[in-house]
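*Asks:* Listed here are the chains, written in short residue letters.
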Amino acid sequence: MAHSQQHPIYTQIDEVKQAVSEALSHAKKLGATAAEASMSSTSGLSVSTRMGEVETIEFNQDGGLGVCVYVGNHKGNASTADLSPKAIRAVVEKAVDIAKFTSDDPCNGVADKELLEMSPPDLDLFHPWEVTPEQGVELCIEAEKAALNADERIVNSDGASFASHQGLRVYGNSHGLLAGFPRTRHTLSTMVIGKDGGQMQRDSAYTISRERQGLKSATAIGLEAAQATLSKLNSQKLNTMKTPVIFRADIANSLFGHLVSAIGGGALYRKSSFLLDKLGQQIFNPCVNVLERPHLPKGLASSPFDSEGVKTLDREIIHGGELRTYLLSSYAARRLGMTSTGHAGGIHNWLVQQTHDDLSALLSTMGTGLLVTELMGQGVSTVTGDYSRGASGFWVENGQIQYPVSEITIAGNLADMFKNIQAIGGDIEYRGSVQTGSILIDSMQVAGA
Amino acid sequence: MNSVEQHLLTDSQLDRAQLEQTLSYIHQHKVDYADLYFQSSHHETWVLEDGSVKEGSYNIERGVGVRAVAGDKTGFSYSDAINIEALDKAAMAARSIAQAGEEKKIQVFSEHTVRQQFAPAQPITSMSDAEKINLLREVENAIRELAPDAQQVVSSISAVYEEILIAASDGTFATDIRPLIRLSCSVLLEKNGRRERGSAGGGARLDYGYFKELVEGKPRWLSYAQEAVRQAKVNLEAIDAPAGAMPVVLGAGWPGVLLHEAVGHGLEGDFNRKGASAFSGKVGEKVASNLCTVIDDGTMANRRGSLNVDDEGTPAGYNVLIENGILKGYMQDKLNARLMGVAPTGNGRRESYAHLPMPRMTNTYMLPGADTKADIISSVKKGIYAPNFGGGQVDITSGKFVFSASEAYLIEDGKITQPIKGATLIGNGPDVMNKISMVGNDLELDRGVGVCGKDGQSVPVGVGQPSLKIDEITVGGTA
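Those protein sequences? They're chains A and B, same order as listed.
Going by the UniProt record's numbering, 340 is the number at position 340 of the first sequence; the sequence numbering is gapless.
Going by the UniProt record's numbering, 471 is the number at position 471 of the second sequence; the sequence numbering is gapless.
Because the hints were derived from the structure by calculation, they are not lab data.
Check each hint, because a few of them may be wrong.
What the hints assert, rightly or not - Derived lysine-lysine pairs resembling PhoX-like cross-links, with alpha carbons at most 20 Å apart:
1) A:K271 / B:K54
2) B:K73 / A:K271
3) A:K311 / A:K17
4) A:K271 / B:K274
5) B:K274 / B:K73
6) A:K86 / A:K17
7) A:K145 / B:K274
Just chain A, same shape as in the assembly (with noise of 0.2 Å):
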């Protein structure tokens, strides 16, 4: 690794292991079968500007830890962002407190010892930058003023904001497992407002990475969002129709999110899911294929162990359409006879296979259609599938985009939308932890005039 071990944060990280440390002994002292305990802290800076002055400067420090006991099979959860420790032993004594309380539930736990992490790879995630505000100030500045600068149709700004932060996570249980390490994370962004005949319209732009050589640009980023305001200017709204719809690169994620809760082992075992026994069938098209690979380096969602230890493997989700695994934590596999997959708090690096090159070959393929650029509101039910939201984006004739168009809504069933994905483009959209391109699905109800 470039960095030295050297680094303060590797002597705060073992501070902490002896937090949480202490944590768990203080629960096995007060009677505690098994425990568990995390700790996450972040610093860092966080300026604003806005027409080219600075808005804000906030210095963030934020951290908590989380202690999770048994007590035989009774759980008790407790936690503080106080982190004296006088306050530590506070929660854990509260934590063991609860446990008398909750019911016994033979699910209960902490992972299987044969599924821990003990000896964690080095993911590369930590790249701090010792930035100054001055210097975020003008980065900030720089992606305004390209933004502002772009068009004289682009007349005001909500601002630019620069953050960089590093911090670090130590997970620890009674296994004997007490891990940690270190973090970072740099954006820029900037929203600016476009007016013409009387419609004003808003868009941003945004870049993020773990290290600072991994950001875009400054102009480019203003530029991007003047781009993407303009583009909207003098919108129109589309008639009710049923049309083809492609989901670009940068909201297509948002279907990936829907699956994600889908088979997530709490919707399952609560039979609070459109997918419910679907493990080896096929949902989706058989065209879609999705892999999941926890440990890129510098993954924005890369993580070696999940949010109880378990450490994190390289797995197929998705095989020609076919589902290969839910997301299961410990408890979750427990109730469905199961072993966890090590997706307790969430998932890691999805990688969704293109099918066809770009966004524009995704635009030829379509001919005529819909191409969501944006959604709003949260009109979408697990338990049912139904799915209407809110959309903005472009009407496309002939593989050519047309015109803008804005309230609107499309709707449809996730069930059937999975299954008719046509198409998935090669514009790899690489700032979530679901890195897809477009995504083209070949009828969906759209509501207008």
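Using the hints, position chain B against chain A.
*Replies:* Coordinates of chain B only, in the frame set by chain A:
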């Protein structure tokens, strides 16, 4: 000295003189305003799932936020430790927003007696843990009695006990105790292979005894249980919702989320100072049909969105936002009020000491009109009636907003006929407000479960409205 000052200052070896010193130290730089926000909060949750006490959790948060404001610039730092070293360090960081200058004298602290919307209850200890669990068991039993074939029943109870203390360079010195409770339940029903969920709940700034109070002869918790089962049963019979623009009748109470999204956010002072809102520069202009009078009211007794003082120490207000369709004013915190040359309105709120305050809603509702709900429904030839909603979202610049119905029915020839599946409604705030053609005489507030998110900060809010008719809005169904 009250107990809050004792807990947040004295117990940490701090006193008012020390806070004055810290504020004076910040004012050695060219700042217009500085404040210190001390907070301690305790939060508990109990979850009962299918008869088993699944979760119990307890969270403690404590810290201080230090803010310095110069013009429209803000420097901000905070600490999860309350002591003199942490305060000094945060003050040094915060004042770096402005250059050093001649020290300006800060105002002497003065404490005012403000009208109390709620009493300083301690909900967490208002009931024993065993009693809390027993209450959840009663909720589950009631649900299972009404729906013996229920696939799954979850109920949860939670409470927050929060103490805050605000000291500012404009002389503000305020303390408050803010209780907050909530009970929620949900049931999953299955019929012919189809599964649907119904959920309900309520809450207030009171202690847990609230849930056992009788309303029209039955305890509140029982009405939540009955409501959850009723909604699940309705949803099991629902057919596909229509797609397209049509008349929509909204029920009283929670559908007031319409106002929260269509006008509320757009009337927050920060967006309007920046000219970023679809309502910017429109005070005195007609922005809604003349049947609409919209209020943001932090002074309602015991309501979830109510405040005694806001997070800047300003007493909660009753603010008329729109009167007979005319825009009257915006919701303000101190910074935006000063920059816009108006008075703060008691809407300066923050999620915690680790977040900056900004203008936020409290309880937002529309005053009642003259129509009966029956007359409103019978005036619609073909449309939908939506009495219950989930959340919503707004783009304050374009004015486009959505909100999602969780219970709805077709109206055919003036009569409610079939239940339909939930659907998202989308419109443009100013357009939709001008299309409100009938307003009912049945104003209701929601049951007390609302959460509003803005810039990553969540705060509890209330909404309300009478039944009302929108002549045309787009309904996002599939049929």
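*Asks:* Confirm or reject each hint.
*Replies:* A quick look at each hint next to the structure:
The hinted pair formed by K271 (chain A) and K54 (chain B) meets the criterion: a straight-line CA distance of about 16 Å does not exceed 20 Å. Taken as a hint, the K73 (chain B) and K271 (chain A) pair is broken in the structure, with Cα atoms around 51 Å apart against an allowance of 20 Å. Simply put, K311 (chain A) and K17 (chain A) have alpha-carbon atoms about 19 Å apart, close enough for the 20 Å limit, and the pair holds. For the given pair, K271 (chain A) sits about 48 Å from K274 (chain B) by alpha-carbon distance, which is inconsistent with the 20 Å threshold.
This hinted pair checks out: K274 (chain B) and K73 (chain B) have alpha carbons roughly 13 Å apart, not beyond 20 Å. About 17 Å separates the Cα atoms of K86 (chain A) and K17 (chain A), which keeps this hinted pair within 20 Å; it holds. A threshold of 20 Å between alpha carbons decides the hint, and for K145 (chain A) with K274 (chain B) the separation of about 17 Å falls inside it, so the pair holds.
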